[in-house]
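Number of protein chains: 2
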Amino acid sequence: MEPISKNKIKWIRSLHQKKFRDQENCFILEGKKSVLEAIEIVPNLVKTVVTEPSEQLENLPNTIELLLASRLDFEKMSTLKTPQPCLAVIEKLPYQLLAHRGIILVLDHIQDPGNLGTIIRLADWFGIDQIVCSENTVDLYNPKVVQATMGSLFRVKVHYKNLVKYLDKVKIPIYGALLEGKNIYQENLPNDAILVLGNEGNGISEEIKPFIQNPITIPRFGQAESLNVSMATAVLLSEFKRGTVN
Amino acid sequence: MEPISKNKIKWIRSLHQKKFRDQENCFILEGKKSVLEAIEIVPNLVKTVVTEPSEQLENLPNTIELLLASRLDFEKMSTLKTPQPCLAVIEKLPYQLLAHRGIILVLDHIQDPGNLGTIIRLADWFGIDQIVCSENTVDLYNPKVVQATMGSLFRVKVHYKNLVKYLDKVKIPIYGALLEGKNIYQENLPNDAILVLGNEGNGISEEIKPFIQNPITIPRFGQAESLNVSMATAVLLSEFKRGTVN
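These protein sequence lines are chains Z and U, in that order.
According to our numbering, the first sequence holds residues 22 to 267 in order.
According to our numbering, the second sequence holds residues 22 to 267 in order.
Please keep in mind that the hints were generated in silico from the structure rather than gathered at the bench.
Hints may be right or wrong, so weigh each one.
Which copy is meant is left open, so a pair is good if it fits within one copy or across any two.
Claimed, not checked - With a straight-line cut-off of 27 Å between C-alpha atoms, the simulated DSS-like cross-links for lysine-lysine are:
| id | residue 1 | residue 2 |
| --- | --- | --- |
| 1 | Lys190 | Lys68 |
| 2 | Lys54 | Lys178 |
| 3 | Lys68 | Lys27 |
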């Protein structure tokens with residue numbers, strides 16, 4: 022293991038920006054637990070691991086570059102307020118679009134990184150394999166998204182697509198969360214379906230609305246003006262899956 | 022309307038800290054929409070409203086002190102990265118503990134302000150009147166909590182109590198989210214119940230566990246290690262309430 026160079030620090034720092042993540046086809050993952058998980062699940066994609074000298078990471082595959090850095094170096098490279106003494110640079114995940122089976126989440130212009138990360142984690146909990154995002158949804162590899170997924174980005178396949186073209190070809194029922202939709206608690210929900218969730222402020226966009234064959238909503242019992250999109254996703258996924266266990 | 026004084030800026034800034042919020046019995050609310058909502062719901066508790074000169078707030082009750090501040094002043098007073106040109110100082114809410122009716126949320130050592138704020142907003146959506154927090158739960162008036170409630174803190178009553186003493190006197194069934202609990206989807210849930218949620222990392226504490234008569238859990242369909250506590254709250258409240266509509 023050798024000390025990290027100034028150039029490498031600068032390079033890792035550049036990956037905070039989407040432009041450089043796209044150019045280099047890499048992203049940053051922070052935290053020892055997450056890094057070890059990545060090495061377990063996608064060993065071939067982990068390019069570089071950086072730790073403080075006191076951190077012990079043993080028996081790593083020898084395809085991985087190992088570098089040492091000081092606390093000060095981590096402050097330069099990290100996107101966290103409290104940097105952790107371990108990070109990795111990982112190649113973007115080669116997701117493949119699967120068949121239209123099970124529940125597929127479609128995200129129409131989700132902007133907040135925390136929301137996207139939380140939705141990926143929820144999908145992983147509820148056994149949802151695939152998420153299809155509009156091209157204007159926040160970047161999956163944004164460090165705040167990566168952090169909020171808590172490792173679930175290695176298990177849930179996330180695609181970016183032109184949603185009009187994508188939904189036009191879909192053969193399974195399309196549900197969408199719309200305020201004027203039907204009470205989700207009274208629907209007989211299918212095992213195979215698309216579930217569309219819209220933007221935090223504006224909901225599902227006008228060009229996507231015509232594709233929603235089954236508008237659904239979560240009844241409001243109190244007076245809150247709205248539910249955050251990731252809260253709504255939690256309730257809706259729970260409804261789609263609750264009937265499948267016994 | 023007069024310009025804000027340096028001392029007043031300093032005083033408002035001091036309210037970022039719990040110690041001074043407790044001493045002054047006041048907290049900060051930011052954003053024009055929230056401030057107008059507060060003036061509508063609790064006019065007598067709104068002590069001071071500060072705006073930039075360009076902001077027009079008309080017909081305010083004359084019990085409210087109105088002050089003008091510059092963008093730079095707002096940067097000093099605000100807890101937000103992007104300060105909004107409107108804030109208010111409000112007296113702490115005189116919540117009264119109500120009867121044991123409906124669903125009462127009990128929070129055992131919730132630490133993250135975003136989680137507490139989100140849970141209060143969820144409670145408001147699902148028509149939950151009351152939340153009882155352990156004394157070591159994050160402060161309701163922490164600016165991040167206030168922000169995340171999106172106004173719901175004016176509608177949901179939040180109490181801080183010694184939970185052992187509180188739960189000891191409760192006469193309605195006590196449910197708690199525990200990993201080893203029963204599948205929530207298969208329970209017949211009552212209309213009146215206590216629902217206990219635990220700390221982000223450690224769950225429900227050892228001293229509270231003996232009170233949980235009905236441990237429940239949300240089945241996991243995929244591989245995510247855990248659900249965030251506010252996500253779990255969304256699903257559990259949905260389950261408690263879904264049977265009550267037709």
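Item checked: Same-copy or cross-copy closeness of lysine 54 to lysine 178 [CA-CA at most 27 Å] -> within (21 Å within a copy, 38 Å between copies)
Notebook entry, point to check: 27 Å Cα cut-off: does lysine 68 pair with lysine 27 within a copy, between copies, both or neither?
Noted result: within (18 Å within a copy, 53 Å between copies)
Checklist line | Up to 27 Å CA-CA - lysine 68 versus lysine 190, copy category | finding: neither (37 Å within a copy, 58 Å between copies)
The structure fails hint 1 only (numbered hints given earlier).
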